[in-house]
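These protein sequence lines are chains A and B, in that order.
Mapping to this note's numbering: the first sequence position 118 is 118, numbers consecutive.
Mapping to this note's numbering: the second sequence position 325 is 325, numbers consecutive.
Treat each hint with caution, since some may be false.
Said to hold, decoys possible - Computed Cβ-Cβ distance ranges for the label pairs, DEER-style:
| no. | chain 1 | residue 1 | chain 2 | residue 2 | range |
| --- | --- | --- | --- | --- | --- |
| 1 | A | D55 | B | L272 | 33 to 39 Å |
| 2 | B | R301 | A | R37 | 25 to 31 Å |
| 3 | B | K400 | A | F214 | 53 to 59 Å |
| 4 | B | R490 | A | F265 | 40 to 46 Å |
What the hints assert, rightly or not - Every beta carbon over 10 Å from chain B, so not counted as near; a handful from chain A, in silico:
| no. | residue |
| --- | --- |
| 5 | W15 |
| 6 | T19 |
| 7 | L48 |
| 8 | F65 |
| 9 | P141 |
| 10 | R267 |
| 11 | Y294 |
It is worth saying that the hints were derived from the structure and are not from the lab.
The structure presented is a predicted model; accordingly, all values stated were derived computationally and were not measured.
Positions of the beta carbon are idealized from the N, C-alpha and C atoms, including for glycine.
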Amino acid sequence: MKLLHRLLLIPVLVWIVATLAFFLMRAAPGGPFDRERAPASKEVEAALKARYHLDESLGRQYLRFLAGVATGDLGPSFKYRHHSVNDILAQALPVSLTLGWLAFGTALGIGIPTGFLGAVYRGRWPDWGGSFLVLAGVCIPTFVLAPLLVLFFSLKLGWLPVALWGSLPQVLLPTFALGLYFAARVSRLLREGLSETLRAPFILTARAKGLGEFQLLLRHALRPSLLPVVSYCGPMLADLLTGSFVIERVFQIPGTGAFFVNSFFSRDYPMMVGLVIVYSALLLLLNLATDLAYRWLDPRVRHA
Amino acid sequence: MRPPAPSQSAPASRPGALLRSAGPVLALFATLLFGFVTSGCRPLPPADLVLHNGREPETIDPHLLTGQADGRIGSALFEGLTRYDPVTGNAIAGLAESWSLSPDGRSYTFTLRTNATWSTGQPITADDVVWSCQRAVDPKTAADYASQYFYIENGEAICNGAETNLARLGVIATSPRTVRIQLTNPTPFFLELLASRVFAVVPRATLEKYGDQWIRSPDLPCSGPYTLESWRVNDRIRLRANPHYWDAAHVRSKVVDVLAGDSAHTALNLYLAGDVDFIVDKDMFPTELAEALRARPDFHRYDYLGAYFVRFNCTRKPFTDPRVRRALALVINRPRIVERITRMQERPASHLVPFGTGGYTPPAGLEPDLPLARQLLAEAGYPGGAGFPPVEYAFNAESKLHEHIAVELQATFREALGVRIELRPLEWKTYLNNMSKLDYDMMRSSWIGDYNDPNTFLDLFLSNGGNNRTGWRDPEFDQLIHTANATLDRIRRFELLGQAEARLLRVGAPIVPLYSYVGFYALDTNRITGVHGNLLDEHPFWAIGRLPR
Numbered sequence: 001m002k003l004l005h006r007l008l009l010i011p012v013l014v015w016i017v018a019t020l021a022f023f024l025m026r027a028a029p030g031g032p033f034d035r036e037r038a039p040a041s042k043e044v045e046a047a048l049k050a051r052y053h054l055d056e057s058l059g060r061q062y063l064r065f066l067a068g069v070a071t072g073d074l075g076p077s078f079k080y081r082h083h084s085v086n087d088i089l090a091q092a093l094p095v096s097l098t099l100g101w102l103a104f105g106t107a108l109g110i111g112i113p114t115g116f117l118g119a120v121y122r123g124r125w126p127d128w129g130g131s132f133l134v135l136a137g138v139c140i141p142t143f144v145l146a147p148l149l150v151l152f153f154s155l156k157l158g159w160l161p162v163a164l165w166g167s168l169p170q171v172l173l174p175t176f177a178l179g180l181y182f183a184a185r186v187s188r189l190l191r192e193g194l195s196e197t198l199r200a201p202f203i204l205t206a207r208a209k210g211l212g213e214f215q216l217l218l219r220h221a222l223r224p225s226l227l228p229v230v231s232y233c234g235p236m237l238a239d240l241l242t243g244s245f246v247i248e249r250v251f252q253i254p255g256t257g258a259f260f261v262n263s264f265f266s267r268d269y270p271m272m273v274g275l276v277i278v279y280s281a282l283l284l285l286l287n288l289a290t291d292l293a294y295r296w297l298d299p300r301v302r303h304a
Numbered sequence: 001m002r003p004p005a006p007s008q009s010a011p012a013s014r015p016g017a018l019l020r021s022a023g024p025v026l027a028l029f030a031t032l033l034f035g036f037v038t039s040g041c042r043p044l045p046p047a048d049l050v051l052h053n054g055r056e057p058e059t060i061d062p063h064l065l066t067g068q069a070d071g072r073i074g075s076a077l078f079e080g081l082t083r084y085d086p087v088t089g090n091a092i093a094g095l096a097e098s099w100s101l102s103p104d105g106r107s108y109t110f111t112l113r114t115n116a117t118w119s120t121g122q123p124i125t126a127d128d129v130v131w132s133c134q135r136a137v138d139p140k141t142a143a144d145y146a147s148q149y150f151y152i153e154n155g156e157a158i159c160n161g162a163e164t165n166l167a168r169l170g171v172i173a174t175s176p177r178t179v180r181i182q183l184t185n186p187t188p189f190f191l192e193l194l195a196s197r198v199f200a201v202v203p204r205a206t207l208e209k210y211g212d213q214w215i216r217s218p219d220l221p222c223s224g225p226y227t228l229e230s231w232r233v234n235d236r237i238r239l240r241a242n243p244h245y246w247d248a249a250h251v252r253s254k255v256v257d258v259l260a261g262d263s264a265h266t267a268l269n270l271y272l273a274g275d276v277d278f279i280v281d282k283d284m285f286p287t288e289l290a291e292a293l294r295a296r297p298d299f300h301r302y303d304y305l306g307a308y309f310v311r312f313n314c315t316r317k318p319f320t321d322p323r324v325r326r327a328l329a330l331v332i333n334r335p336r337i338v339e340r341i342t343r344m345q346e347r348p349a350s351h352l353v354p355f356g357t358g359g360y361t362p363p364a365g366l367e368p369d370l371p372l373a374r375q376l377l378a379e380a381g382y383p384g385g386a387g388f389p390p391v392e393y394a395f396n397a398e399s400k401l402h403e404h405i406a407v408e409l410q411a412t413f414r415e416a417l418g419v420r421i422e423l424r425p426l427e428w429k430t431y432l433n434n435m436s437k438l439d440y441d442m443m444r445s446s447w448i449g450d451y452n453d454p455n456t457f458l459d460l461f462l463s464n465g466g467n468n469r470t471g472w473r474d475p476e477f478d479q480l481i482h483t484a485n486a487t488l489d490r491i492r493r494f495e496l497l498g499q500a501e502a503r504l505l506r507v508g509a510p511i512v513p514l515y516s517y518v519g520f521y522a523l524d525t526n527r528i529t530g531v532h533g534n535l536l537d538e539h540p541f542w543a544i545g546r547l548p549r
């Protein structure tokens, strides 16, 4: 019942966010067709505005937008004039989703083992090694890390392509560059969580009862310690799946990240609002998924 | 012995159960991953030539496009009566094989090639040319460059709605293979103008069938050397040679990939790794690395038809007084800006029209003269900068270059004249908006010429010019420009334009030019042929190809 309630709330929240985006975009100075060169004539300018309904009142434009969204049409892009927003999303979203999933896998694949080992071998070399990785991942911003990776692995060693998107080798560097920061966050969360769990009385009880170390760690200690990681997974996935401006720019990847930034600067109203809708819906759905995962992992939440 | 604990069995706490419940989730995850990887990555067969074209084109409709990156694709797909020469960038015969000009210089008659054909095999006729021109100038099309038609009879009237009958445009089909173009005045640079995209011939039937989305219609008929094979936004446009192009024999590369991206460093990496043959766009040059790259043999410098200048708002105090404008112009140290800030070997220029434009020699503008500047400022009522009202210097903030120049100017004005200016970084659209509404005091500006003739820079500052954007009005300047452009004799015309430019810079001074642009292109001439530096920065794709190894 509660789940249904929350599911129904999602469209309402998305609608509120989209409405805010719609009006805030139009409040910014300058319009999509302001260019360095003046329009050839007033009639040309008027025709351009009429074509995109920018000559109508704000209220009418908003109704038109709502009607479009209701039928699944996010409208034409004002900047990329031969493409609709749906068109662009259909091209760019799969790319960002692929990269996002892979980076998510990288984050968990690196973060969980290093965090686990760090907690178990606290104060010994696996912990130091993991901590170093975490420190590097958190401290080196992607816009520094990505070019360094390109410089070393592509230009110096020639092992991997420098940029572009289309083959498996081209995916490796951006995935790693994007995933490392999140891997570091995951690792740190798990290490702290697990360290704390290992100090809990029930662990002492389990040990006292003679439970094997392996069973103890994997079955009893790991699961509650994953909770902070799981709650971080929701926003992390939303962040990763909607594309990274920096990574997509450095590796010239045709995802949604660039549109997120550029559509504001070019006053591409429909593109910006379309992305806001996608992003907010994704974020809300993933938060819901996080809560569900929580219930699965933690009996206290389930029975509360 | 362990006591049975049935109450603890509800949560899936055994490793087996954990795996069992996690199994499907993992499987789902793996399938999703696989699905996304296969849908997101689809390798294309390699192209014969890979170019980096800079930013993603906004539109490639030849009549609507305004950006340079857009224009290069527009030219590859559609051609007009003339086209750009790959060596000089000047106009040479395109779809028209020959033409004649009437003695009064006002009427051109063009003869189309017998083998001028659409990529579908249909002949390109005089009616196609006429219809295309009518479409471009029709205000409903909303072409920014429709102003290029103002030199043609009734072009301006149609564009601003005074004349609604498109057939009255001075472009007339006199036979299936001949087109007459009637000009309002003799226009010495008209053939250059004709090579620009807004005069390209576009397929009427496709436009009428598909409307706004015509350019992405299947089997798009093209009049230029290439056809559009595929287009993925922010990735690449793939062009394939048009087998029916009249000059198909000289199209060097059959399949051309035109990459889009806005990071200059990535473009450079792609070039260095050999993934890109030639970086076409001059904005794709990382200026931070200018010194290192300039020294390389595969980086080529060329002068470029663009000018960097400062606008004064002549409707706002204190810049309503030309003495104030001139005083500021007289203290600028241009070589310092070029050597310390821009560092691309630009030419410092006190004149607006870049060196070498159409064979014209620009007059000197206001060269540094400190005593005169101080005297002018004192005469205007601000001796030593005393009482000078607070003014702002606005610039678009996306490039550090503009900021550095702004800081340099700020320091110069303060040290030389005691004038203090505030810096105002603006986001691009706000900057444009403020410029067109005359909502600024001083503003960083630039202009890229549309054709190789000084008029493309000078006519900006006509009193009624839409691109004037300074509020400066000078009937004498207007008169000089109009007289010059009605003059058939080239030398006399350039003299008059020179007088106009001198008046603009030395008397009115609504603007202060700082330097003329240069471009750099990255190209290994041992591997690639067909690229030549030229003032217009035109590098038609059809001429470019890899050399056999």
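Each hint tested on the structure:
1. D55/A - L272/B: 33 to 39 Å: At roughly 49 Å between Cβ atoms, L272/B and D55/A fall outside 33 to 39 Å, so the hint is violated.
2. R301/B - R37/A: 25 to 31 Å: holds (27 Å)
3. K400/B - F214/A: 53 to 59 Å: The hinted range 53 to 59 Å holds for K400/B and F214/A, with Cβ atoms some 57 Å apart.
4. R490/B - F265/A: 40 to 46 Å: holds (43 Å)
5. W15: holds (27 Å)
6. T19: At about 22 Å from chain B, T19/A clears the 10 Å cut-off, so the statement holds.
7. L48: At roughly 4 Å from the nearest Cβ of chain B, L48/A sits no farther out than 10 Å, so the non-interface label is violated.
8. F65: holds (18 Å)
9. P141: holds (15 Å)
10. R267: violated (5 Å)
11. Y294: The claim holds: Y294/A sits with its nearest Cβ about 14 Å from chain B, beyond 10 Å.
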